[in-house]
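Top to bottom, those sequences are chains Y and G.
Our numbering applies: residue 1 is where the first sequence begins, and numbers increase by one.
Our numbering applies: residue 1001 is where the second sequence begins, and numbers increase by one.
Just so you know, these hints were derived from the structure itself, not from any lab.
Glycine residues also receive a C-beta, built at the ideal position from the N, C-alpha and C atoms.
There may be inaccurate statements among the hints.
Reference excerpt, derived from the structure (chain Y facing chain G, CB under 7 Å, subset only) [claimed, not checked]:
hint : residue
1    : V6
2    : A11
3    : S17
4    : M19
5    : S21
6    : T22
7    : T24
8    : A323
9    : F326
10   : S327
11   : G328
12   : P413
13   : V414
According to the in silico footprint, chain Y covers these stretches of chain G (three or more CB under 8 Å from chain Y) [said to hold, decoys possible]:
hint : region
14   : 1106-1112
15   : 1119-1129
Taking lysine-lysine and the DSSO-like style, the derived pairs with C-alpha atoms no more than 30 Å apart in a straight line are [what the hints assert, rightly or not]:
hint : chain 1 : residue 1 : chain 2 : residue 2
16   : Y       : K5        : Y       : K316
17   : G       : K1074     : Y       : K316
18   : Y       : K415      : G       : K1031
One letter stands for each residue in the lines below.
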Amino acid sequence: MINWKVILGIAKTHLLSKMKSTVTATLGVTFGIGAYITLVSFMTGLNAMLDDLVLNQTPHIHLYNEIRPSENQPIDLFDEFKGTFNVVNSIKPKQSQKKIHNALPILDYLKNHTNVKGATPQLRAQIFYLSGNIELGGNLVGVDIMEEVRLSNIQDNIVEGSPEALKNNDNGILLGAGLAKKMSLKVGDRVQVSTVEGNIFPLKIVGIYQSGIAEIDNVQSFTNLKTVQRILGEAENYVTDINIKLFKIDGAEAMARRLEKQFETKAVDINEANAQFETGSNIRNMITYAVSITLLIVAGFGIYNILNMLIYEKMKDIAILKATGFSGKDVQLVFMSQAMIIGFVGGILGLLIGFILSNVIDQTPFETEALPTITTFPVNYNVAYYIIGITFALVSTFVAGYLPSNRAKKIDPVKIIRGT
Amino acid sequence: MSLVLEAKNINKHFHQPKDFHVLKNISFGVKEGEFASIMGKSGSGKSTLLYILSTMDTDYDGELYLNNELVTGKSHQQLSRIRNESIGFVFQFHYLLSEFSVVENVMLPAKKLGKKSIAEIEHDAHQKLAMLHIEHLAHQKASRISGGEKQRVAIARALINDPAILMGDEPTGNLDSHNSENVFTIFKRLKEEQGLSLLVVTHDEDFAKRTDRIIEMEDGAIVKH
């Protein structure tokens, strides 16, 4: 029979009468858990931001026609040379169109697919931006702007103007921030673009686009799909790229392979496109967890030490409790409950401190040219980390308390009382 | 009269540092309402015997009966319960829990037993303290009272569960003659007024002579009882 009231009463008296060690032990847990919460919130926040920065630029599956040599050269088709060793020098890429064949039916097919959140057509054109007699080479991407807003984070990257303004203006352009700076242009100005063939078109700047990646911002601008088709003098079904966003990203690779076969185009899935990026993320996560676990283990050793000392100090008390009829288990529970109280109180305080610190980090200004949408440090307030934090606090104090309390359980009262 | 405590052929060896036969064939009994004392020189094994009788030491051969019930061989859990319920123990040093108040120290074994409500236990504790003339100290910290008072608190604690037998390991060994006298008077009164059985290990010949029975030990054996 365990009388919790008595046991907790003794535990409470011990804790309160040794306030200094109690506070030290509790603070050990508090700082461990607090640092864990702060670190993990901040690190995963940063990771998520970096993920967003790169991954949201990339569609889950990207369909396009690749310029490459045909795999079957004419000689392979000639029966007389079958089975011989043929060498062809100076193979040239196959003459083919850049556009995706049957783009509109493909789009319809994709939009009806169950795992597809959306598919947007794009038309990438090589153009020159004209500024006086200077020509700047670059890309003009024709998009269905409202679909892009729905499916990607393009809206975050439009630092001036709005996507609606582009939609409502047939001759509008969202100019890359780097280009705008080079040519000293601002919203409302006009910019002339010239196609490779030399046709010149004036476009009105309705917004500035800044992705945060200078290589892109220095060459790329967005406009309506129809505008680019008109500039190039192509029909409405002329589309060079199809970007697909999925509901479940896991299926990306399999689907890409299937689409490649089905439509005879090149399909690149997100993992293939960002393989090395993924590795970086994983390693950052590993470091975060390694540091956090170290912190928590250090806190655990603190508790172990303090309980061990407490038990040394309380040897006589333990002996007397046993002599007056408390069993070994009762004594163990007295010390275990002390450990658990320290763990619980320290853990809860740690969560609080972690929350406050991550809030402070969240408020800290962090402005960088590369990330237009970020004004403060990113912090990830995930409840899971708080649950992990308190669980670890309880588990580590349990382990740290178990070993010393088990020793207390085994103390022989006769030895203590007789002083041998 | 029936025996409260009975030892049959108790033998004990110390194995460290070398084998040593401490207790040799100890057999005796304490009757109900008897005030017995165990005397002997240092090293005669009297304390060792007392700790076996108190059930705290379980490393012995032989049989021990408490209230005619065999105690030997029970689990630690059961022995704790028996100590809690039926044996009161007073040590040479007071051994109070210094962070607790006097009355809390007295109440603790009863709370552990859990047979009465807290209010009843508190009432009992005050009664025991009053009987020992130290009720005015009830709410003092145990570390703040004098040595004689501490020993009386320890006696009150030993009595709280109305044990079958009260054991003492030199309970007056650390007290001046005035306080020793006091403790003896208390023991005597407990025997006479409440019919409590007492078994006290002592060096003090004067103390022993005034008890009902002296059990004398020498070299681990009872020489006279």
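Cross-check of the supplied hints:
{"no.": "1", "hint": "V6", "verdict": "4 Å, holds"}
{"no.": "2", "hint": "A11", "verdict": "12 Å, violated"}
{"no.": "3", "hint": "S17", "verdict": "4 Å, holds"}
{"no.": "4", "hint": "M19", "verdict": "11 Å, violated"}
{"no.": "5", "hint": "S21", "verdict": "13 Å, violated"}
{"no.": "6", "hint": "T22", "verdict": "12 Å, violated"}
{"no.": "7", "hint": "T24", "verdict": "18 Å, violated"}
{"no.": "8", "hint": "A323", "verdict": "5 Å, holds"}
{"no.": "9", "hint": "F326", "verdict": "6 Å, holds"}
{"no.": "10", "hint": "S327", "verdict": "4 Å, holds"}
{"no.": "11", "hint": "G328", "verdict": "6 Å, holds"}
{"no.": "12", "hint": "P413", "verdict": "5 Å, holds"}
{"no.": "13", "hint": "V414", "verdict": "5 Å, holds"}
{"no.": "14", "hint": "1106-1112", "verdict": "holds (count 4)"}
{"no.": "15", "hint": "1119-1129", "verdict": "violated (count 0)"}
{"no.": "16", "hint": "Y:K5 - Y:K316", "verdict": "22 Å, holds"}
{"no.": "17", "hint": "G:K1074 - Y:K316", "verdict": "25 Å, holds"}
{"no.": "18", "hint": "Y:K415 - G:K1031", "verdict": "29 Å, holds"}
Violated hints, listed in ascending order, are 2, 4, 5, 6, 7, 15; each of the other numbered hints is respected by the structure.
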